[in-house]
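S.K.: With the hints as extra help, turn the sequences into a complete structure.
Protein chains: 4
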Amino acid sequence: MAAKAQALESATLAERFAATRALSRALAAPLSDADATIQPSPEASPTKWHLAHTTWFFETFVLRDHVERYSARDARWAYLFNSYYDGEGARHARERRGMLSRPSLGEVLDYRARVEDALLEALPSLPTEATELVELGINHEQQHQELMLTDMLSAFAENPLAPAIWQRGARHEEETAPGGRVGFAGGIHEIGHQGSGFAFDCEGPRHPVLLHPYSLDQAPVSNAAWIEFIDAGGYRDPSLWTADGWAWVQANGIAAPLYWSRDPDAVWQRFGLDGLRPVDRAAPVAHVSWYEADAFARWAGARLPTEAEWEAAAADLDPCGGNQLDAAGAVAPRAAASTGGLVQMFGDVWEWTASAFLPYPGFRPQEGTVGEYNGKFMVNQFVLRGGSCATPRGHMRASYRNFFYPHQRWQFCGLRLARDV
Amino acid sequence: MAAKAQALESATLAERFAATRALSRALAAPLSDADATIQPSPEASPTKWHLAHTTWFFETFVLRDHVERYSARDARWAYLFNSYYDGEGARHARERRGMLSRPSLGEVLDYRARVEDALLEALPSLPTEATELVELGINHEQQHQELMLTDMLSAFAENPLAPAIWQRGARHEEETAPGGRVGFAGGIHEIGHQGSGFAFDCEGPRHPVLLHPYSLDQAPVSNAAWIEFIDAGGYRDPSLWTADGWAWVQANGIAAPLYWSRDPDAVWQRFGLDGLRPVDRAAPVAHVSWYEADAFARWAGARLPTEAEWEAAAADLDPCGGNQLDAAGAVAPRAAASTGGLVQMFGDVWEWTASAFLPYPGFRPQEGTVGEYNGKFMVNQFVLRGGSCATPRGHMRASYRNFFYPHQRWQFCGLRLARDV
Amino acid sequence: MAAKAQALESATLAERFAATRALSRALAAPLSDADATIQPSPEASPTKWHLAHTTWFFETFVLRDHVERYSARDARWAYLFNSYYDGEGARHARERRGMLSRPSLGEVLDYRARVEDALLEALPSLPTEATELVELGINHEQQHQELMLTDMLSAFAENPLAPAIWQRGARHEEETAPGGRVGFAGGIHEIGHQGSGFAFDCEGPRHPVLLHPYSLDQAPVSNAAWIEFIDAGGYRDPSLWTADGWAWVQANGIAAPLYWSRDPDAVWQRFGLDGLRPVDRAAPVAHVSWYEADAFARWAGARLPTEAEWEAAAADLDPCGGNQLDAAGAVAPRAAASTGGLVQMFGDVWEWTASAFLPYPGFRPQEGTVGEYNGKFMVNQFVLRGGSCATPRGHMRASYRNFFYPHQRWQFCGLRLARDV
Amino acid sequence: MAAKAQALESATLAERFAATRALSRALAAPLSDADATIQPSPEASPTKWHLAHTTWFFETFVLRDHVERYSARDARWAYLFNSYYDGEGARHARERRGMLSRPSLGEVLDYRARVEDALLEALPSLPTEATELVELGINHEQQHQELMLTDMLSAFAENPLAPAIWQRGARHEEETAPGGRVGFAGGIHEIGHQGSGFAFDCEGPRHPVLLHPYSLDQAPVSNAAWIEFIDAGGYRDPSLWTADGWAWVQANGIAAPLYWSRDPDAVWQRFGLDGLRPVDRAAPVAHVSWYEADAFARWAGARLPTEAEWEAAAADLDPCGGNQLDAAGAVAPRAAASTGGLVQMFGDVWEWTASAFLPYPGFRPQEGTVGEYNGKFMVNQFVLRGGSCATPRGHMRASYRNFFYPHQRWQFCGLRLARDV
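Protein chains in written order, with UniProt numbering: chain A, 1 to 421; chain B, 1 to 421; chain C, 1 to 421; chain D, 1 to 421.
Nothing false has been slipped in among the hints.
Here are the simulated distance ranges between beta carbons: (1) E175(C) / A162(A): 57 to 65 Å; (2) L210(B) / R76(D): 54 to 62 Å; (3) R262(B) / S41(A): 30 to 38 Å; (4) S41(A) / D318(B): 46 to 54 Å; (5) S71(C) / E175(D): 39 to 47 Å.
Away from chain C, derived, C-beta distances all over 12 Å, residues of chain B: (6) R25; (7) R64; (8) D65; (9) A72; (10) H92; (11) R102; (12) G106; (13) L136; (14) F200; (15) Y235; (16) L258; (17) F271; (18) V279; (19) D326; (20) L342.
Hint data in this document are derived by calculation from the structure and do not stem from the laboratory. Think of the CB as a built atom: it goes at the ideal place given N, C-alpha and C, for glycine as much as any other residue.
M.R.: Given below as structure tokens:
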């Protein structure tokens, strides 16, 4: 895997741009125009919108701003495909993205090709300021690739016919998840991004943090463990939950991870992009909210790790390893064999941490409109670490900070237990 | 026109079935799979759903119940395409119809063909009870044809690109709407359907009503008159509105008919299936709610007619005349020349009446599940009469009772003023 | 009873004014300042607000407008105690009436005394126009007396301690409700108010209506019959309900009349102003919505009467008879002995009719602000007839039209079955 | 002031219990039964409820659990006056506390006296475990004293008559707020409670934290500075706000601190328990949400301090100093003279920090039902430090962690700016 990461890193910007764009196309390949148009909830966008928005990002911040004679495909599309950049003016309401049957998927794919051609042609003569935006655009599109998969899943999960978009590949699977713990000493550690490679603004500045001795479980919490939690009445005991978590459970009738259902024999099934399948007992649990993760940890007599604990433990591991997204297909968390140490820190499931998403000491957002990227979301959300089976390989870093609201669970989110030692 | 109606009536059931089915297909012809999939609001369904639901109606109540070896296309589709028949079991939530990217438009069209073939094959040997259901199914599909057009309009109106689905046909237009009144004597009149032709259950029983002398305006209220109402502050004066109407105006910021906007020169535009166009001053106003119609009438020193007044006045007019739906295209209300008497009683716009939709004396719903057709909606709605430019020609009758909630206005609804004399 | 009505009618205006004002005071007597301040729902107002609003009505429309040197108690109170008269300017939000801990109950009672003194002093020299407004104000206050009782009940029903405000008086009760029917011929009848006595504007003009032969049940539907309906699964069978009614049942978990609960032995109790008591089987059912009344009638193979049918049947009965409000106390519907004919047409429970509340032919609202009295509510509501145990005796007429939304049931509303014959 | 704190600490438990109970009574003294009953919002409780709930706390956790023959005043009251302890069973819905006109304020005051007598009698013989609960109960009641004042303010602010509950005391006021900054070195500091005095569970364990060099403003942000922010368009510029903050501003039309309004001359007024008064320019701004505090700090080129920064800076200051609650009256933040160093760290306004309310390393909730005290709220809230003008003097500590949701602002919440140095 390390060799693969190496290869990814040494590719030219043009090659990485082209590869990223191709992967997005491949992800959309099995979808009809209608599949790519519908929006299952305000928080999950249509595939077509993702395809167009990531293109708008390159068109706006690179081509419009840095390529002299470039003229936009359609001036009105900026209104449609701006996501949340107030600096770029008014925009179509997020919760009405699913109303855009026009432009069609075909038109959006043409738009992509047009922008790709213009960008590849301009690339050799772009100033550094602009190539940095291309780099940002690639990383931005990789984030949307993960969202494309999770939003697609959310859309198809609404369909009573439970369509399978991809076949499930044959694969060897472990019977049980590794059950050990790994201890870490306390003391001052540095966290946050450093060095010359790409990182999002919120990953810095690198700074020292003080840790207390702790352990992490070798592996994320498994589906088998989650079923134990259910069977033990975990969803019915308020003493395990925060007040807001309990209110959320009550108001929404929550009793299992998202996409789980019982078949007529009461066996747990989960819906995935490969259709309805029995739950893999040894695989990490996915599609649980922070509220659920926190309650599970309390039930287990443990806690969630802080993001600093997680990052310190992951610092020397290969962020390109594990079960991440290499090609279009029916991604899912997988069981892993024990290697004695931490497994699945990268890939499989994002791991909820105990840390609210807040600025690091000395954080300053990037200048200009792209500075709206992360800073304005630093309230009410929790940090997740490590990437998932839907994260494009090469996108991840130990310092990477993902964030979602504590009730959200349509991403591949799971957890790993931590303990004071 | 009367000749045309004659022709419609004398066609065989098979011919009328085939023609109705063909018109639905033609209406959907300009739509992409995505266009046909999206749902703009809980009350407006996707075109694909209309196409499938009208087919499910024939499949269920005729083929399943009356044709021995018929096997359903897909047993799970009944769950998707039942509208509101509690007697037919559980069904997909109405407000989530727009989530059904599968089956595709193509699959739904195949489903239509399959059911049409089976029905036409079975038709010669069906018992009367079943041919009556075919007749009901044709009328049912005609209703959905109108909804297809109005729901499409509602969907495209959400798109900031304001796409035109059909070109506007060339046509001669009058400059002003006829402005006279026609008086009617009071006394006992019979209303309600009678005779051997088809009618919905709610149109009967035919019964006497006592009318007081009244007049009706020759023509429906025009767009020009509506602009006067706007300019006179009609939307800002609570004394013109019912309490519920005023609350609706305030809560929704209502200041013009649905789909109206001002261009940069403050000229009123309206969005239609032919795109954004200047408002036709002489044409009947459309897309106004009962609340608006009632306020306008009060402002004009008049009132809405009761449904009995309307029906008595329309009894001798040709229900197949006027501007109704003959073929797929960009329907819209049109200006009419004065003929001295009432004009546009049929076609152009549904006319709100002062009558709540309630059962006629002696009303009994039809037996069985199809008996859920109308009776269960007899509360909280108002009667509209006369059909619109989107009503398939041949579907209308003087006794026809359409009904909507007083805040709804995505149909082609307008009004005609009445007065005591 | 007729003698009593006679007495009421012959009393002078001043006497009736004083008696009405005294009854309101008596109704509030058992309440603390806090009891009189709280508001259980947007539709039910605090007792203190009723006491002040009815006073504001006299102060505004009589004293301010017709008594030269009258100065208002506090100019700011108009903002607090205007109910819904847009013509009188802005006002405190209806749903925040329960926030007015000041002015206190004592201050409001002082305000009442001040206005009463001024009005009684001015009365002898008031012009007819103003004495008519005093008459209107008396009738207005009587309406609020009923609301005071029903709103009080609604407020105390929120209290888990189930406080009894009044002791229940001893009384003889029948064991069963009369079970016969009374038939009526069809033909042209006149309905609506006529003559010189007071009536609200919506009761006229008097006009002919055409009736078809019908019967009415001798007595309103009893609690015993309603328990049968519950036991027969009436609340769980969608085929008995209108679509809107069924949606209301589902959304609110409706399974019994308002204020009903089962004691530990599953015996039905009802909460009243005399506390929690077993349901009286022979008494008319109360606190049911139009939706419930309509579903019950369908279940019973009957229907609700139209308001014209009801009025024609009631025309010769004594509107001052029956179980109506004579003095402050724990009102409740009572069982009645059969007399061979219709019983309990007046008093006990308001009877839901099949008629939407709409204007009579030729209806014109009164001029000026008081013209907002009834006309602006003529949409979305149903007519109820006959008054209840909470209606002040002397207030009722055969032509009296009360109206509520079909889901509302905090009034003493019941029903009487009608049938075509 | 330090002498005063000394005195408070050396008082016996019985004396402090009695003094705390007396202060609650004094706070309620100017209120009528109705004043004490109404509830302005789900988050703000009636005074009567606070008076009863704090009593229920002693009755339940001390008398019921530790005093043998104690019998509860009314077994049903536990249902009414439990706040959120799931371990104590079902309870009255929080948002319906304003419906409890019974028991009356008088009955609640009797209940208080009864429990006080029983507790003072039992106190000498209570085991340590129980006296610790008395200590907790005193601190619990002090928290509710602050809520009583802020909830009262919230209730009276609903009244268009703007009643003044207390007269404003005469006092000397500064003209401008101190404008300097105080710098602090970084390094490892200990925070969290230590020692033998009382503290809430969430204040521990004491633990080392690593700080970076920083400065704090001498004084909290003043009203004058806030008016500058308003005038500079701070409430209309999305770039100053977090995404959630901006959404909150838009959805609620926020344009000034809570309780602020402009008089006819556009001069800012604020409503307080002493009525409507001009805003004190030199006093700390109060009644701003975290969203507003965060946006203001960004506008000022500064940031909010972390709670560790705040606590390290406050460690050596007198927590009993400053403008805190000594006696019932119209509390309000006050201007302070500069002393060269930090002013107003304790008292005047709670200061929003940049820290989410999360458990300290090694945090364990207390055993038993009282363990629900703080731990279950550790999500979605931000920490505030330092107490306010409504905090009973003697209740505060440098380690004290208050917490509210980022949109809440009915407390006396302000902010102090921090900067990296």
